[in-house]
Amino acid sequence: MASSPILNNFIIPDHIFVPGSRVENDGHVPQCPVLVFINSKSGGQLGGDLLQTYRNLLNPKQVFDLGEQAPDKVLRTVYANLESLNLQGDKFAKKIMETLKLIVAGGDGTAGWLLGVVSDLKLPHPPPIATVPLGTGNNLPFAYGWGKKNPTTDKGSVEAFLDQVMKAKEIKIDSWHILMRMRAPKAGSCDPIPPLELPHSLHAFHRVSEADDLNMAVANCFPGRLPHISRRILELLQYGKKNPEKFKNQLINQTTYAKLGCSQGWFLTPLMHPADRNIAQLAKVKFMRRHGEWKNLNIPPSFSGGLNPWGTPNRRKQSDRDLTPPFVDDGLLEIVGFRNAWHGLVLYAPRGHGTRLAQVCVI
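Note that our numbering gives residue 106 to position 104 of the sequence shown, counting from 1, and the numbers run on in steps of one.
These are computed hints drawn from the structure, not numbers from a lab. Careful, some of the hints might be misleading.
Heads up, simulated DSSO-like pairs for lysine-lysine below, C-alpha to C-alpha not over 27 angstroms straight-line [as the list claims (entries may be wrong)]: (1) K174 - K75; (2) K63 - K169; (3) K169 - K151; (4) K297 - K319; (5) K286 - K319; (6) K124 - K151; (7) K297 - K286; (8) K96 - K171; (9) K103 - K93; (10) K97 - K63; (11) K169 - K103; (12) K124 - K63; (13) K169 - K124; (14) K103 - K63; (15) K75 - K93; (16) K93 - K63; (17) K96 - K169; (18) K157 - K174; (19) K169 - K157; (20) K171 - K150; (21) K174 - K124; (22) K157 - K286; (23) K124 - K75; (24) K96 - K124; (25) K169 - K150; (26) K124 - K93; (27) K97 - K169; (28) K171 - K151.
For each label pair, taking beta carbons as the anchor points, the in silico distance ranges come out as [stated by the list, open to error]: (29) E85 - L335: 31 to 37 angstroms; (30) G114 - D67: 15 to 21 angstroms; (31) S321 - E70: 50 to 56 angstroms; (32) N298 - E100: 46 to 52 angstroms; (33) D67 - D322: 48 to 54 angstroms; (34) A162 - Q320: 39 to 45 angstroms; (35) E172 - A82: 23 to 29 angstroms; (36) G114 - E70: 17 to 23 angstroms; (37) H30 - W296: 19 to 25 angstroms; (38) D324 - G147: 27 to 33 angstroms; (39) D165 - S321: 40 to 46 angstroms; (40) S321 - C363: 18 to 24 angstroms.
It should be emphasised that the depicted structure is a prediction, and the values quoted were computed from it without experimental measurement. Backbone N, C-alpha and C fix where the C-beta goes; we use that ideal spot for every residue, glycine too.
Using the sequences plus the hints, can you model the full thing?
Rendered as structure tokens:
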């Protein structure tokens, strides 16, 4: 474990990670204690290299490989130890609980996973999260000022990032929970449901009875079929897991997805599909403004995506349609529509944006 005076600001002592440890009040209390979570499978081999560098610089016990340890279990254990030690008067525990920060290195899915875990755990002192862009999709790190390019994994680069974490400004962002429900089969029962291999961002719940308040009239049904394009992307992701060395370059990865998009007709939607075949056939979407009533959302044929798809509505539109510029902590969701991928290219133009459908607090 490193002993640099600068790195000592981040290093958490061993006893914090061991249940039932004795109180220790000797030694340096870290100014900016961090727990580091790295998706070693992201960015080709970069994730593994970054994991090794962090473990060389910090206490290896505070650096976790997300492929081996789930963050919710790690945080539950660490916070249980901190609570126990704090009650015994451990000065390290009290300080760490108040100043702990999380570093997560991975793509948008990994960053979203950690954000969801922290929200779900309802910790007494929720730690702020710094995101390291690693992999192909890095919109979350980019949006919050951490950059979009994959990092270099050398000692100097990691130390520089740690310094940025210590000096970073904390902000609050909205947290949205999405409940997905399936229509019950006409014949037979859907219970018991066999164990599901869900992504880390999804949680399975027991079946909700028709008498339950959660079973509202606005429940929607999605046909039980996986679009061909989703299968192709899934195959590509599985191939990336088996051959991480072939997915180290961000530009090559993005080019691969672009080729897949062209081959699947993302850019040819109006030509290949009738205009009346769109998401409106798959679901009825209802929205609600603040303290308002449920309304149907009229969704034209669309394709979602972009850099700043909402843009900044002018004063007239803000007044006529009750629209506002988007903020991460305003409690509102922006619903933006695109006719196809060509329409999405407008985002690269100055002040370009998609079709603003609605700005709501509930969907």
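Here's how the hints hold up against the structure:
| no. | hint | result |
| --- | --- | --- |
| 1 | K174 - K75 | holds (24 angstroms) |
| 2 | K63 - K169 | holds (24 angstroms) |
| 3 | K169 - K151 | holds (21 angstroms) |
| 4 | K297 - K319 | holds (20 angstroms) |
| 5 | K286 - K319 | holds (26 angstroms) |
| 6 | K124 - K151 | violated (32 angstroms) |
| 7 | K297 - K286 | holds (10 angstroms) |
| 8 | K96 - K171 | holds (22 angstroms) |
| 9 | K103 - K93 | holds (17 angstroms) |
| 10 | K97 - K63 | holds (18 angstroms) |
| 11 | K169 - K103 | holds (12 angstroms) |
| 12 | K124 - K63 | holds (23 angstroms) |
| 13 | K169 - K124 | holds (25 angstroms) |
| 14 | K103 - K63 | holds (15 angstroms) |
| 15 | K75 - K93 | holds (24 angstroms) |
| 16 | K93 - K63 | holds (19 angstroms) |
| 17 | K96 - K169 | holds (21 angstroms) |
| 18 | K157 - K174 | violated (30 angstroms) |
| 19 | K169 - K157 | holds (19 angstroms) |
| 20 | K171 - K150 | holds (19 angstroms) |
| 21 | K174 - K124 | holds (15 angstroms) |
| 22 | K157 - K286 | violated (52 angstroms) |
| 23 | K124 - K75 | holds (14 angstroms) |
| 24 | K96 - K124 | holds (18 angstroms) |
| 25 | K169 - K150 | holds (19 angstroms) |
| 26 | K124 - K93 | holds (23 angstroms) |
| 27 | K97 - K169 | holds (17 angstroms) |
| 28 | K171 - K151 | holds (21 angstroms) |
| 29 | E85 - L335: 31 to 37 angstroms | holds (35 angstroms) |
| 30 | G114 - D67: 15 to 21 angstroms | holds (18 angstroms) |
| 31 | S321 - E70: 50 to 56 angstroms | holds (54 angstroms) |
| 32 | N298 - E100: 46 to 52 angstroms | holds (47 angstroms) |
| 33 | D67 - D322: 48 to 54 angstroms | holds (52 angstroms) |
| 34 | A162 - Q320: 39 to 45 angstroms | holds (41 angstroms) |
| 35 | E172 - A82: 23 to 29 angstroms | holds (24 angstroms) |
| 36 | G114 - E70: 17 to 23 angstroms | holds (20 angstroms) |
| 37 | H30 - W296: 19 to 25 angstroms | violated (56 angstroms) |
| 38 | D324 - G147: 27 to 33 angstroms | holds (30 angstroms) |
| 39 | D165 - S321: 40 to 46 angstroms | holds (45 angstroms) |
| 40 | S321 - C363: 18 to 24 angstroms | holds (19 angstroms) |
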